[in-house]
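Novice: Turn these sequences into a full structure, and let the hints steer you where they fit.
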Amino acid sequence: MSHASSSSTHTFADAGQATLVSENRRELEKQFDSILREHGPAISRLAYSYEPVAGAREELVQDIALAIWQALPHFRGECSVRTFIFRIAHNRGLTHASRRRPAHQPLDDLTESDQPIDPRPHPEEQAAYTDERTRLISAIQSLPVSHRQMIVLMLEDLSYAEMAEVLGITENNVAVRLNRARKALKDAMGARP
Amino acid sequence: MTMIEDRELEAWRERWRSVAEPLPEIHRKIKRQNNWFVISNVVALCGLVAALSFAAWAVHKQPSGMRIAWAIGLSVMVFVCAGYRIWLQRGTWRAESQSTRAFVELWHRRVMAKLRMLRMGFYLIPAWIVFCSVVAAANWSVIGPDVHAHPRDWLVVVGVVVLMVAAAFLKLAWYRRRKLRELSEVKRLLEELSG
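So the sequence lines, in the order shown, correspond to chains E and A.
Following my numbering, the residues of the first sequence are numbered contiguously, the last one being 193.
Following my numbering, the residues of the second sequence are numbered contiguously, the last one being 1195.
A couple of the hints might just be wrong.
Stated by the list, open to error - In the BS3-like style, the derived pairs of lysine-lysine whose C-alpha atoms are separated by at most 30 Å in a straight line are:
#1 K1029/A to K30/E
#2 K1179/A to K1029/A
#3 K1187/A to K186/E
#4 K1187/A to K1171/A
#5 K1031/A to K30/E
#6 K1061/A to K1114/A
#7 K1029/A to K1114/A
#8 K183/E to K1187/A
#9 K1114/A to K1179/A
#10 K1114/A to K1187/A
Stated by the list, open to error - Selected chain A positions facing chain E (in silico; Cβ < 7 Å):
#11 H1060
#12 S1099
#13 A1102
Worth flagging that the hints you see were computed from the coordinates, not collected in a lab.
Cβ atoms here follow ideal geometry from the backbone N, Cα and C, with glycine treated the same way.
Specialist: What follows is the structure in structure tokens.
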């Protein structure tokens, strides 16, 4: 009798645990979806800085999202969600860049479907704007990794403290590197037609 | 920072933010990855149970000292592999949520550890050949008559073993070259990040 009761308690405990696990999972899925909604565009922009080829870039974005999903259950809030996302995205981007080293393709493969809709009414304005954007991205892609990371974080409007947390350096160091990276970007943009 | 520079930054930001591609389908990949994770772990668990059962069955069938030593060796190897798998699965997420600098430093340490393990592999293969030769020589009274009775079968066995050893050497050499390339890449990254 006691055995039966203990066994049934065990079953209830197991069922309770299973419910808790599935609830946790649902909670994680919700959290993950909200992260993608909020930071998805930033992740896809960040992927541009590491991968110029559209197909490979899509794969990189999926890899970053997968890495975030795998890391999410272990996120204890030691840093902001944005810092957490950018850390994972940059680290995954670094691994991706070191594994695949294709010839530099400065966005020549940017297809029509990749181009966001531009609200500018005049075709000349649109063309000039697209040209400028292509020049900027191409220049970012040509920078060394450390400059590239700084520039992307700056363009994503992260504070010095957040940049320092993402990169693992001091805030003073961020300021110095950011100046260097901006100068390098200006030079790279100037060098490009 | 001057106003002109700030305007320049705002212009860059505006262009940068207009580069938003629609996110690719991610949930399917995650589901596939989760399924693959479960399947690979079930397969690994089945492999572990099968290897241990085979070792137990072999000892039960012929409980000689040699068989027992072999079964212990196999069991230890299986548990070491299982431990390594668990460590790998637990460790992979940690690295990526660290700062870039910590991640690259850890990456460097891991590549170095892999290279050390590969070097050990290069020593282990000849050591294993020597060990097998010694065991065969010590048991020649048992093996010898069988070799004389079925020389072709034994030739095939030796041929397969030689091919396997050669393949293992080639694989190790290829993997080492890959890791050395990775090491130089990681060193370059570390230098760049420290600069």
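Novice: Hints first: check each against the structure and report whether it holds.
Specialist: Here's how the hints hold up against the structure:
1. Pair hint K1029/A plus K30/E holds up; C-alpha atoms about 17 Å apart against a cutoff of 30 Å.
2. With a CA separation close to 28 Å, the supplied pair K1179/A and K1029/A stays within the 30 Å bound.
3. Distance hint between K1187/A and K186/E is fulfilled; the C-alpha atoms sit about 27 Å from each other, no more than 30 Å.
4. For the proposed pair K1187/A and K1171/A, the alpha carbon gap of about 24 Å is at most 30 Å, so the pair holds.
5. The hinted pair formed by K1031/A and K30/E meets the criterion: a straight-line CA distance of about 15 Å does not exceed 30 Å.
6. Using a Cα cut-off of 30 Å, the hinted pair K1061/A and K1114/A is violated, with the two alpha carbons roughly 39 Å apart.
7. A threshold of 30 Å between alpha carbons decides the hint, and for K1029/A with K1114/A the separation of about 29 Å falls inside it, so the pair holds.
8. With a C-alpha separation of about 25 Å, the suggested pairing of K183/E with K1187/A holds against the 30 Å cut-off.
9. The suggested pairing of K1114/A with K1179/A holds, with an alpha-carbon distance near 8 Å, which does not exceed 30 Å.
10. Note on K1114/A and K1187/A: the hinted pairing holds, with a Cα-Cα distance of about 15 Å set against a maximum of 30 Å.
11. Using the Cβ-Cβ criterion of 7 Å, the hint placing H1060/A at the interface with chain E is not satisfied: the shortest such distance is roughly 33 Å.
12. Nearest Cβ of chain E to the Cβ of S1099/A: about 3 Å, under the 7 Å cut. The hint holds.
13. Interface restraint check for A1102/A: the shortest CB-CB distance to chain E comes to about 5 Å, inside 7 Å, so the restraint holds.
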